[in-house]
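Chemist: Residue-level listing of the chains:
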Amino acid sequence: MKSELAVTAIIFLLLFIKIGKGMKNESLLSLVQVLLLLNFIAGFFFNKTGNLFGDMFYTTPLIAFQKNILSLAVYLISLLCSDWLKKTGHLPEFFMLMLSALLGMFLMISSSNLLIFYLSLELATIPVAAMANFDLEKKRSSEGAMKMILSSAFSSGILLFGISLLYGATGTISFPEITAQLDGSSVQILAFIFIVTAFAFKLSIVPFHLWTADVYEGSPMAVTSFLSVVSKGSVAFIFITVLYKMFQPMQDMWYTLLVILAIATMVIGNLFALRQQNIKRFLAFSSIAQVGFILVGISSNDYMGITAVVYFVLIYVFSNLAAFGVAAVIAEHTGKENIDDYKGLYKTNPFLSWILALALFSLAGVPPTAGFFGKLFLLTAGGAKAAYWFILVAALNMIISLYYYLRVVRAMFMDKNDNPVEPIKVSPVVKLALVICGAGIILIGLLSWIFEYIKTLH
Amino acid sequence: MNLLLLIGAPLLTAVAVLFSRNKQQVKWISLLGSIIQIILAFALLFAFRQERAENNSAQMLFEQNHKLFDSLNINFHFGVDGISVAMILLTSLVVVAGVLVSWNIEKMTKEFYFLLLLLGLGAYGFFISLDLFILFFFLEISVIPKYLLIGIWGSGKKEYSANKLALMLMGGSALILVGMLGLYFTAGHSFDILALSKTDIPVNIQNLLFPLLFVGFGVFTALFPLHTWVPDGHSSAPTAGSMFLAGISMKLGGYGCLRIATYLLPEGAKEYADIIIILSAIAILYGAFATMMQKDLKYINAYSSVSHVGFSLLGIGMLTQTAITGALMQMVSHGLMTALFFAVIGMVYDRTHTRMVGEMGGLMKVMPFISTVFFIVGLCSLGLPGFSGFVAEMTVFMGSWENTDAFHRIATIAAAMSIVVTAVYILRATGQTMMGPVKNESHLQLKDAAWNEKLAAIILVAGILAIGIAPGWLNDLLRPAAEEIMNRIDGK
Numbered sequence: 007m008k009s010e011l012a013v014t015a016i017i018f019l020l021l022f023i024k025i026g027k028g029m030k031n032e033s034l035l036s037l038v039q040v041l042l043l044l045n046f047i048a049g050f051f052f053n054k055t056g057n058l059f060g061d062m063f064y065t066t067p068l069i070a071f072q073k074n075i076l077s078l079a080v081y082l083i084s085l086l087c088s089d090w091l092k093k094t095g096h097l098p099e100f101f102m103l104m105l106s107a108l109l110g111m112f113l114m115i116s117s118s119n120l121l122i123f124y125l126s127l128e129l130a131t132i133p134v135a136a137m138a139n140f141d142l143e144k145k146r147s148s149e150g151a152m153k154m155i156l157s158s159a160f161s162s163g164i165l166l167f168g169i170s171l172l173y174g175a176t177g178t179i180s181f182p183e184i185t186a187q188l189d190g191s192s193v194q195i196l197a198f199i200f201i202v203t204a205f206a207f208k209l210s211i212v213p214f215h216l217w218t219a220d221v222y223e224g225s226p227m228a229v230t231s232f233l234s235v236v237s238k239g240s241v242a243f244i245f246i247t248v249l250y251k252m253f254q255p256m257q258d259m260w261y262t263l264l265v266i267l268a269i270a271t272m273v274i275g276n277l278f279a280l281r282q283q284n285i286k287r288f289l290a291f292s293s294i295a296q297v298g299f300i301l302v303g304i305s306s307n308d309y310m311g312i313t314a315v316v317y318f319v320l321i322y323v324f325s326n327l328a329a330f331g332v333a334a335v336i337a338e339h340t341g342k343e344n345i346d347d348y349k350g351l352y353k354t355n356p357f358l359s360w361i362l363a364l365a366l367f368s369l370a371g372v373p374p375t376a377g378f379f380g381k382l383f384l385l386t387a388g389g390a391k392a393a394y395w396f397i398l399v400a401a402l403n404m405i406i407s408l409y410y411y412l413r414v415v416r417a418m419f420m421d422k423n424d425n426p427v428e429p430i431k432v433s434p435v436v437k438l439a440l441v442i443c444g445a446g447i448i449l450i451g452l453l454s455w456i457f458e459y460i461k462t463l464h
Numbered sequence: 339m340n341l342l343l344l345i346g347a348p349l350l351t352a353v354a355v356l357f358s359r360n361k362q363q364v365k366w367i368s369l370l371g372s373i374i375q376i377i378l379a380f381a382l383l384f385a386f387r388q389e390r391a392e393n394n395s396a397q398m399l400f401e402q403n404h405k406l407f408d409s410l411n412i413n414f415h416f417g418v419d420g421i422s423v424a425m426i427l428l429t430s431l432v433v434v435a436g437v438l439v440s441w442n443i444e445k446m447t448k449e450f451y452f453l454l455l456l457l458g459l460g461a462y463g464f465f466i467s468l469d470l471f472i473l474f475f476f477l478e479i480s481v482i483p484k485y486l487l488i489g490i491w492g493s494g495k496k497e498y499s500a501n502k503l504a505l506m507l508m509g510g511s512a513l514i515l516v517g518m519l520g521l522y523f524t525a526g527h528s529f530d531i532l533a534l535s536k537t538d539i540p541v542n543i544q545n546l547l548f549p550l551l552f553v554g555f556g557v558f559t560a561l562f563p564l565h566t567w568v569p570d571g572h573s574s575a576p577t578a579g580s581m582f583l584a585g586i587s588m589k590l591g592g593y594g595c596l597r598i599a600t601y602l603l604p605e606g607a608k609e610y611a612d613i614i615i616i617l618s619a620i621a622i623l624y625g626a627f628a629t630m631m632q633k634d635l636k637y638i639n640a641y642s643s644v645s646h647v648g649f650s651l652l653g654i655g656m657l658t659q660t661a662i663t664g665a666l667m668q669m670v671s672h673g674l675m676t677a678l679f680f681a682v683i684g685m686v687y688d689r690t691h692t693r694m695v696g697e698m699g700g701l702m703k704v705m706p707f708i709s710t711v712f713f714i715v716g717l718c719s720l721g722l723p724g725f726s727g728f729v730a731e732m733t734v735f736m737g738s739w740e741n742t743d744a745f746h747r748i749a750t751i752a753a754a755m756s757i758v759v760t761a762v763y764i765l766r767a768t769g770q771t772m773m774g775p776v777k778n779e780s781h782l783q784l785k786d787a788a789w790n791e792k793l794a795a796i797i798l799v800a801g802i803l804a805i806g807i808a809p810g811w812l813n814d815l816l817r818p819a820a821e822e823i824m825n826r827i828d829g830k
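These protein sequences, in sequence, are chains A and B.
Start counting at 1 in the first sequence, then tack on 6, and there's your number in this note's numbering.
Start counting at 1 in the second sequence, then tack on 338, and there's your number in this note's numbering.
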């Protein structure tokens, strides 16, 4: 409960500041950054395991670690997007929304009951839709927010329907009690399908991915990175819990389902990413493909699967945030968001180019970056069922993905451009965040004790 | 000897290059680092021979095992046998020659040397790894430097070639990855090569995994018909890039085909040996004939590489001890020879600004040193006794001849016929460029090799002669290791 209380405290503090005299954007931003850093550090201490509210809420060291990953991501976003945040007119509101969403995610990961799960999922979604609308004068931003709220409402409806069916079939809403009641009757299967569909919406698994690219493109960069890293990560965590714990008796069924969804997600995400011009849409489709790989790991249905997914999300936080961070810096200073605009970037901005290249290599899973280890462990987890063709499909997808990641690298390093992005003076805070991301990308893979540490958390 | 030095030296050099201030520092640090690597490689050779002389008959010497991902049983497990020592020696020679040849690179010098050293680092790590996962890690490390080297510093249709190379090599890696995970799960969660070599893997699984691994590594070493990245990649790469690609990177594939695919999956190797022989015989002949048609010096060497590398794969497919020894010798010999060939082509191109055979002539009069080296490498390529090519190819043929049935005989004869074709294209290319009257008047002003180029050429020529004149030491290194592999294949 400690991490939830900490986040709530920050939200209230922001509220009082807003109601009171208010502060300058710069100082408020620094204050929030420091608080988020403290929140992240505090996450490592005094983690108790146990249940609350009549077993509705529980926490384990692994869950505490997952929450820390999310806190870290939010902290990094607050650093990376500080240029944009300084300019925005409603800074306290923005952070209140973002932290409310984070609070919702914390509760969601810890939930052990369908009721609190649904409530926290809503808390994690609705603020994000409001955040997507934050570029107030841009039409695309409102369009993205509209799409987001409609599709989330739709998926929530589906989820509620599934929950109601499940309640009808089992007579309970607590995860462990549902597990005991599952016998594979057709109503339960129907409920299961509805619930998985809702998850598929949130994780943008193909064929429920259509909202992703538009929302990503329209939203401000800070929100896009929040959506693609923090939202995805948290939903992936709870998805594992739901599948591994609640639906464990149906494991044969969801294994087949996951294999199909994983292949579809990887292939479609990759194929669509091939042709994107806008860097945000490009990263949107690439993140869809990444979710496909996460599903490969989830399909293993053992502790290796959980470890590999948590490890991968940790790496994904660094890699994706580095990519979005560089894109945000360039978009903020020049307004350019197309891959063609990145041509010749290396000549003028070597630092940004190297960070982006590292991030893309990590997303592609090329050593020595951490992404290599992350992807490989996901595939190792997925291969435990001796479905080698499944691994082969995933491995071939890594080649397709390499092709489009290299497209950006090629634009930056090889292509000539008469009108490249002019040299950008990166502010120290952003530079610090990018360096943290870069260091994370290189070190997490080589420091093997991180993986071993996650493995020991039960 | 501590094998970690072999990874540490290039890594430190690369980091030092990253922090150096100007181009002069970059070059000298790289040179110093690569000389240290040569010293280490020779120290390793002598230490290895010393151990063997003292009757240390362990399969792998200087073993080290550090835990990495303990729960997955992935370890930093290092060790060398004769094959690895020979390959490390080859790598160190090519690295120093590559560094010397690139002395006049002006564009992004620091990045160039950094990537070059990273490429070398990948090769060293690959050759000393005894853990499949780590081996794969080092194999993959080299893909991106290759891509960037070709794409940024290359010539011609460089973006296309760089893309093609990266994607094809990644495709090979994907196959290796699946085969590797297959081995991991069938052998009870172990990536350790020595442990895997002692487990009995069911024959049907071997037949399933062997093609994945062999073809996967085969892509790296231009297994026909997956050789298409070779001509494009080699011809577009900068000089040192081609040298590294042909001299080192293609050897990674050959080493993997032998050490991983054939050694760990002997039943699979027997099952598919005939196909390997057919494919490599086609590669040998096709490569040779394709070379005849080329007019660009780099394409000539690239296609002839396809042909020459075919001999190593042929030797592996023959599955006799002598043939495998010959295959390994061919890898070392080809590595030195082709690196030297690309170096010389680079030197000629830097001066004449053309690589077309038809536009040159009489260069012997203008630049005697470069032309002499060109001759030497040509003679080595066509298999003249006294040079390494002869020794290696002869050993392969002798080993192949040990198989007495008609199929192997025909394949051997077909492969041997390529030597005639090789002689034709080599003599024609050398004759047209080096002999006769000077075709282009402006070529008369050209200067002969500078000190760095001379040094690079001499180092590689020395390697070629050391194998060609006294092949005994190499044979002593490789044959026991080949015997170990044959023992596993014969089920001893």
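A hint or two may mislead.
As the list claims (entries may be wrong) - Here are a few chain A residues that face chain B, going by a calculated C-beta distance under 10 Å:
1) V273
2) G341
3) K342
4) I345
5) A363
6) V372
7) P373
8) F379
Unchecked claim - In silico SDA-like pairs for lysine to any residue, Cα to Cα no more than 25 Å straight-line:
9) A/K391 with B/S409
10) B/K502 with A/K30
11) B/K502 with A/K92
12) B/K608 with A/W395
13) A/K353 with A/K251
14) A/K30 with A/H96
15) B/K608 with B/E497
16) A/K27 with A/S148
17) A/K92 with A/S106
18) B/K361 with A/L449
19) A/K422 with B/S409
Said to hold, decoys possible - Label-pair restraints from in silico Cβ distances:
20) B/Y498 with A/T262: 46 to 52 Å
21) B/K361 with A/L438: 26 to 32 Å
22) B/K792 with A/L277: 48 to 54 Å
23) B/T710 with A/N423: 41 to 47 Å
24) B/Y498 with A/F18: 42 to 48 Å
25) B/M736 with A/Y459: 43 to 49 Å
26) A/L280 with B/P540: 51 to 57 Å
27) A/F357 with B/A804: 41 to 47 Å
28) B/D538 with A/Y459: 33 to 39 Å
29) B/L782 with A/L438: 55 to 61 Å
30) B/A744 with A/T262: 21 to 27 Å
Hint data in this document are derived by calculation from the structure and do not stem from the laboratory.
For glycine and all other residues, C-beta sits at the position ideal for the given N, C-alpha and C.
Chemist: Next, verify each hint and record whether it holds.
Modeler: Results for each hint:
At a threshold of 10 Å, the smallest CB-CB gap from A/V273 to chain B is about 14 Å, leaving the interface hint violated. Taking 10 Å as the C-beta cut-off, the interface hint given for A/G341 is violated, the closest approach to chain B being about 27 Å. The criterion of a C-beta within 10 Å of any C-beta in chain B is not met by A/K342, whose closest approach is roughly 22 Å, and the hint is violated. The restraint placing A/I345 at the interface with chain B is violated, with a minimum CB-CB distance near 14 Å, outside the 10 Å limit.
Satisfaction of the interface hint for A/A363 is found here, the shortest Cβ-Cβ separation to chain B being roughly 9 Å, below the 10 Å cut-off. Interface restraint check: A/V372 against chain B, minimum CB-CB distance 6 Å, threshold 10 Å, status holds. This hint holds: A/P373 has a C-beta 5 Å from the nearest C-beta of chain B, less than the 10 Å allowed. Look at A/F379: its Cβ gets to within about 8 Å of chain B, closer than 10 Å, so that hint holds up.
Taking the CA atoms of A/K391 and B/S409, the gap is about 18 Å. The hint holds against a cut of 25 Å. In summary, the hint linking B/K502 to A/K30 is not supported, as the alpha carbons are separated by about 53 Å, beyond the 25 Å threshold. This hinted pair does not check out: B/K502 and A/K92 have alpha carbons roughly 44 Å apart, beyond 25 Å. A hinted pair counts as satisfied when its Cα atoms are at most 25 Å apart, and B/K608 with A/W395 qualifies at roughly 24 Å.
For the hint linking A/K353 to A/K251, the alpha-carbon distance of about 52 Å lies beyond 25 Å, and the restraint is violated. Distance restraint check for A/K30 and A/H96: the Cα-Cα separation of roughly 11 Å lies within the 25 Å cut-off, and the hinted pair is therefore satisfied. For the given pair, B/K608 sits about 40 Å from B/E497 by alpha-carbon distance, which is inconsistent with the 25 Å threshold. The hinted pair formed by A/K27 and A/S148 fails the criterion: a straight-line CA distance of about 30 Å is larger than 25 Å.
Restraint check: the Cα-Cα separation between A/K92 and A/S106 comes to about 20 Å, which is no more than 25 Å; the hinted pair holds. Using a Cα cut-off of 25 Å, the hinted pair B/K361 and A/L449 is violated, with the two alpha carbons roughly 29 Å apart. Restraint check for A/K422 and B/S409: not satisfied, since their Cα atoms lie roughly 47 Å apart, outside the 25 Å limit. Checking the proposed 46 to 52 Å range against B/Y498 and A/T262 shows it is violated: the Cβ atoms sit about 41 Å from each other.
At about 30 Å, the beta-carbon gap between B/K361 and A/L438 stays in the expected band of 26 to 32 Å. Between B/K792 and A/L277 the Cβ separation comes to about 52 Å, which falls inside the hinted range of 48 to 54 Å. Against the hinted window of 41 to 47 Å, the Cβ-Cβ separation of B/T710 and A/N423 comes to about 44 Å, which satisfies the hint. Between B/Y498 and A/F18 the beta carbons are some 59 Å apart, a value that contradicts the proposed interval 42 to 48 Å.
Here the CB-CB span from B/M736 to A/Y459 is close to 56 Å, at odds with the stated 43 to 49 Å. Range check, A/L280 to B/P540: Cβ separation about 40 Å, and the 51 to 57 Å hint is violated. Our hint of 41 to 47 Å for A/F357 and B/A804 holds, since their Cβ atoms are close to 46 Å apart. In this structure the supplied range 33 to 39 Å holds for B/D538 paired with A/Y459, their Cβ-Cβ distance being about 36 Å.
A beta carbon spacing of about 59 Å between B/L782 and A/L438 agrees with the range 55 to 61 Å that was offered as a hint. Taken as a hint, the range 21 to 27 Å is violated for the pair B/A744 and A/T262, whose Cβ atoms sit roughly 50 Å apart.
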